[in-house]
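2 protein chains.
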Amino acid sequence: MPHPLDQLNPEELQRAVGHLKNYHKGKQLHIKNIHLEEPPKSLLGPYLQAEKAGKPIAPPPRIAYGYYYIMDDKKAEEIWIDLDTNQITKVVMVALPQHLPMDQDEANHIETFMYDDPLVLGALKECGIEGEAIKTVASDGWMYGCDEITSVSRHMMFLMYSRDPKTNHPESNIYAFPLPFVPVYDILEKKFVRIDWCATSGDDDDANGINYTTRQKYKFALEGHQASEYYPDLVPNKRTDLKPYNVLQPEGPSFTVDESNLVQWQKWRFRVGFNPREGLVLHDVDYDGRRTFYRLSVSEMAVPYGDPRPPLHRKMAFDFGDVGGGKCANELSLGCDCLGTIKYFDGHLVEPNGNVLTRKGVICMHEQDDGILWKHTNYRTEAAAVVRRRILVLQTILTVGNYEYIFAWHLDQAANIQLEIRATGIVSTQAIDHGKRSRYGTVVGPGVLATSHQHIFSVRIDPAIDGNKNSVSVHDTVITPWDERNPKGTGFINTKRYIDESSAFDANIASNRYVKIVNENKINPITGNPVGFKLAAAPTALLMAPPGTVARSRAAFATHHFWVTKHKDNEFYAGGVWTNQSAKEVGGVQEAVNRRDNVRNEDIVLWHSFGLTHHPRIEDYPVMPVEVLKVGLHPNDFFTENPAIDVPPSTQQFNRSVEVFQTRSCHRM
Amino acid sequence: MPHPLDQLNPEELQRAVGHLKNYHKGKQLHIKNIHLEEPPKSLLGPYLQAEKAGKPIAPPPRIAYGYYYIMDDKKAEEIWIDLDTNQITKVVMVALPQHLPMDQDEANHIETFMYDDPLVLGALKECGIEGEAIKTVASDGWMYGCDEITSVSRHMMFLMYSRDPKTNHPESNIYAFPLPFVPVYDILEKKFVRIDWCATSGDDDDANGINYTTRQKYKFALEGHQASEYYPDLVPNKRTDLKPYNVLQPEGPSFTVDESNLVQWQKWRFRVGFNPREGLVLHDVDYDGRRTFYRLSVSEMAVPYGDPRPPLHRKMAFDFGDVGGGKCANELSLGCDCLGTIKYFDGHLVEPNGNVLTRKGVICMHEQDDGILWKHTNYRTEAAAVVRRRILVLQTILTVGNYEYIFAWHLDQAANIQLEIRATGIVSTQAIDHGKRSRYGTVVGPGVLATSHQHIFSVRIDPAIDGNKNSVSVHDTVITPWDERNPKGTGFINTKRYIDESSAFDANIASNRYVKIVNENKINPITGNPVGFKLAAAPTALLMAPPGTVARSRAAFATHHFWVTKHKDNEFYAGGVWTNQSAKEVGGVQEAVNRRDNVRNEDIVLWHSFGLTHHPRIEDYPVMPVEVLKVGLHPNDFFTENPAIDVPPSTQQFNRSVEVFQTRSCHRM
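Line by line, the protein sequences give chains A and B. For the record, in the first sequence the residue sitting at position 337 is 336 according to numbering that gives the first Met the number 0, with numbers rising by one throughout. For the record, in the second sequence the residue sitting at position 618 is 617 according to numbering that gives the first Met the number 0, with numbers rising by one throughout.
Chain A on its own, in the form it takes in the complex (with noise of 0.2 Å):
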């Protein structure tokens, strides 16, 4: 019997592509997704409740959730399949201006025939590249993004490169070659639509106006440009300084996990959850038998780019709504992605054929020593206290075509959660004729622009502080007024609002501005407040495009920082539902900040909106050294200690450290 938060198991997949199938008999479908449609939070929750009293009840049904297209029919669909009774209980349309999201079968599939078709053969003769030379080029399929709020077709850009012409290895750093132009694909269609040429003079473009007309140049597209390699094969002379570092657990990890992917860890009790969208998911979190978090997700992220000249004004990905977090999971290998003793999560995909896809290995966890937890010196001793921090670390990678994104949950010993996100992979790079430079970028490398873009992140925080009715307060350090009770001037204080209507607000550097979310019903006995967590927030640059703009319209989520909405069934998605070509954020937060929700002591959820502003360096390239970004969720006013107190003092017995003395210098300067 599978737990209500399992993924759907390749078993239950297969039978709901069955059913599927049957339904459509004798159709093509392309099959985006099917997944677990997790339980409503009024049978869940009660059903988790009684779990863990040791009374268990009945589990909700298990409902799986997929959609996918009828090639023939050119139409979206989505399904609901009760693997109870195995009835389809639901079908509906998925309706322009609404499209599904691409995938990289989608990409790969068309790759397989682009080189032959005549619009790309020309434009590829156009620079220079016929016959042999043919065969080292290469494309990134993009999602076609959207410049106009009106209805398109399903459409798919690639973004054109070449393997090195010197070598044409397979691994070659496709980036260094970028092609000035971009071939437009109708998917339902089955055929390229459009070749669009990308301007390429760099600032004489913004000086003199956009020039498309001096194409013959490209007729030397890649000469002049040079190889940029990552991948070690092609990296000659690596370090040899190194020397191994290996983490020992003698005794084996200190957590346990169970076949419902259940795990227990200092105090720690939640479950891991993984789907094709939002990838991996922490389910039902309690520390020391209370509960905190309802479930922990990375929503979305919207990575806009900022050179407007077109074609490339397009380049806006929804990393998680257009291509899908989980569907873009790399399988991790032992001692690679992650060092210590480590436990191994596998994720089941559905191809677009409807084969069952087991991904090996898409979520990692292990433990992790991080420096002092606490410590505290008694001076007049001597004497110290010191302890360390151990934290479980749940870490994801996504490929999603040039960049990768590093997603790890951290879970410590005083009750601390923190996300930790680190961007690397390979910029994003377009052509630039060389010897100019481009406002929009940074040059990398001959002919090669980096383009500035943002990566704009929405963490969704459904919380259960001590049950399901919490609030949201703002907290904002104040000075007092200089007058004879504050007779130096020196007095400031915390003052608390709360959020009583779903809205969204901004951090404020200034004033020390910081989230809580609490529960008003219970009141911490020693401080007098509810109890709650504090959101330790990333106060980052939000959306760059002005108001009035299609991109800014599609990504509301990320023009402001804090979002708090009445929880709604399958309300998951900061940027809508189906971001792919959308005009608009369609179900996502601003629509649920509009609904005006009461969010005072409901059951409610904060999304926290966060980024990078990336002008890139030449150091990012070709391969970019990550760039981290943290936010935390800490206990304030929960508990009535410090609930690390009880970890035991750091010892040599214990840790085993070695002392090593003076090592004589070879003085190489």
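Keep in mind the hints are simulated off the structure, nothing from the lab. Where a beta carbon is used, it is the ideal one built from N, C-alpha and C, also for glycine. Each hint should be verified, as a subset may be incorrect.
Per the computed footprint, the stretches of chain A lying under chain B, defined by three or more beta-carbons under 8 Å from a beta-carbon of chain B, are [claimed, not checked]:
| id | segment |
| --- | --- |
| 1 | 200-211 |
| 2 | 372-379 |
| 3 | 474-484 |
| 4 | 610-616 |
| 5 | 619-628 |
| 6 | 638-648 |
We have chain A; now place chain B onto it with these hints.
What follows is chain B alone, placed relative to chain A:
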């Protein structure tokens, strides 16, 4: 022969003390510090370059610099002693209103007789503490602070506490038993001059006016208080399910270090310095034979408290200037404060009586695995290239009374430098009447108020990006006009302006503002930008105290995020040279900026102020889980590609991780 950047060694310190004592023969001295006066850049710079070129020149003179009180004369002086010629070269009086820092010996000494003092005994009696009960009393000697722009005597104030009266255990947490009065001691007059009583009515004081007349209640000052212990011997029921986690480096560390603390690791080469004021300093930092930073240090920290009710409005510590980062450095112990293969560095200090004291292991250095440094998976072939990030950690831990600060410089293989600050220890507490609350802090135990406060740090960055002449540029992301060159309004660019004249400015989240240090004389051949490093700043709340307050005047450095000044020898201290009881920042960054020097293509210093505004959580009590702050320095246009491209890939053969499969869950709820 010591290196010019070596600390004064014990022999040198002893010699300096000898000269000093001889100079003031027969006088009782209270020596605050004696340490190396770092050679002027005009001498040291050429020396370091000649050394690296393998053509050493004569070293600059070894100068001992000290400051001390002549107790009988009630005077303070600074002294300079040339250790090569054994000559005193300069003596300068430190005149009022300036005072030398306080020190722990002073506080400890006063505590030996304060419980015999009639003033203190009288106050204790008013609190119901007499006879045997006095034996549990403890006090923290505090900097007196300053609240008037007038010259005052050299004072120290004492925050009064008690060990747990039930146990009188020496490691009992005294901050659970605050007493509501503050004895004030005149150091040079050697007497207690008054008792200041504290307001304890919480918000009632604010509503009704501060009421010091209900003093009869103090007779039961410790009644109802409860012990709240952190010391491991006093904490029962520790966790038993944490398994050992060992770091093994079978081939030893990847670094080398010589007798002069010259460290070489992964293309980095630098010297580890230590002095009583700043503690850990990094000198002459090169990467792959290129200069990056001349000197990196934490310069100052101001800790103002927000409770304006006298006398506790005085609580404002400058932990570096009032006490000393090196003076407060813990002796670190193997297996407790770091994990792995560790090199320890000692620090040499002079005690007030002139004894030379070697503090063992005030700095530790070790390598750490820090997750993934870069990764890319070619989605076409699923070939992954992944490199782990090894960091070199230089850590020092300060105990300043109740608080601990963990400062760690992290260097990585992508030429990144990061300063990580962890705040831990015990929040400063004060008495509050049972059952009352205060908007100035958090009640963390019966009768215990943990007051809101700030920690504003200043990190001092003396750059040498490919040479001494550097500039600072400020970068803001702005949208471009929505016109024919930006037809869909999506354009944004990174703007740059240089700082021409020494000045201060602030972070700006909305525009993604960042700061670079560049060398305009050397242009990156690919990007066309000057070589540089980017400061990844911590954009946090600044000093709350408003204009016009003495608190703001004494900590001008804490009122702006960024300060650019022209380098001046010995201008090391953001908050001024003599911060103890200062009414104004003298010799700090504000004065340096006021010189209105040219700072474009000059020998410059960049100072970054940032911090924590801490409204204590009850979870921070009785000891605080670390709160972490980070600032970074990242190469930006310094290289022509990712400098970590040559780091060998992460392999299981090298890393030796272990996979765990399902473990049985014990299903404890």
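Evaluation of the provided hints:
1. 200-211: The restraint on the segment 200-211 of chain A holds, since 4 of its residues have a Cβ under 8 Å from chain B and three suffice.
2. 372-379: holds (count 8)
3. 474-484: With 7 residues closer than 8 Å to chain B, the segment 474-484 of chain A meets the three-residue bar; holds.
4. 610-616: Holds, because 3 residues of the segment 610-616 of chain A bring their Cβ atoms closer than 8 Å to Cβ atoms of chain B.
5. 619-628: Coverage by chain B holds here, the residue count being 7 at a Cβ distance below 8 Å.
6. 638-648: holds (count 11)
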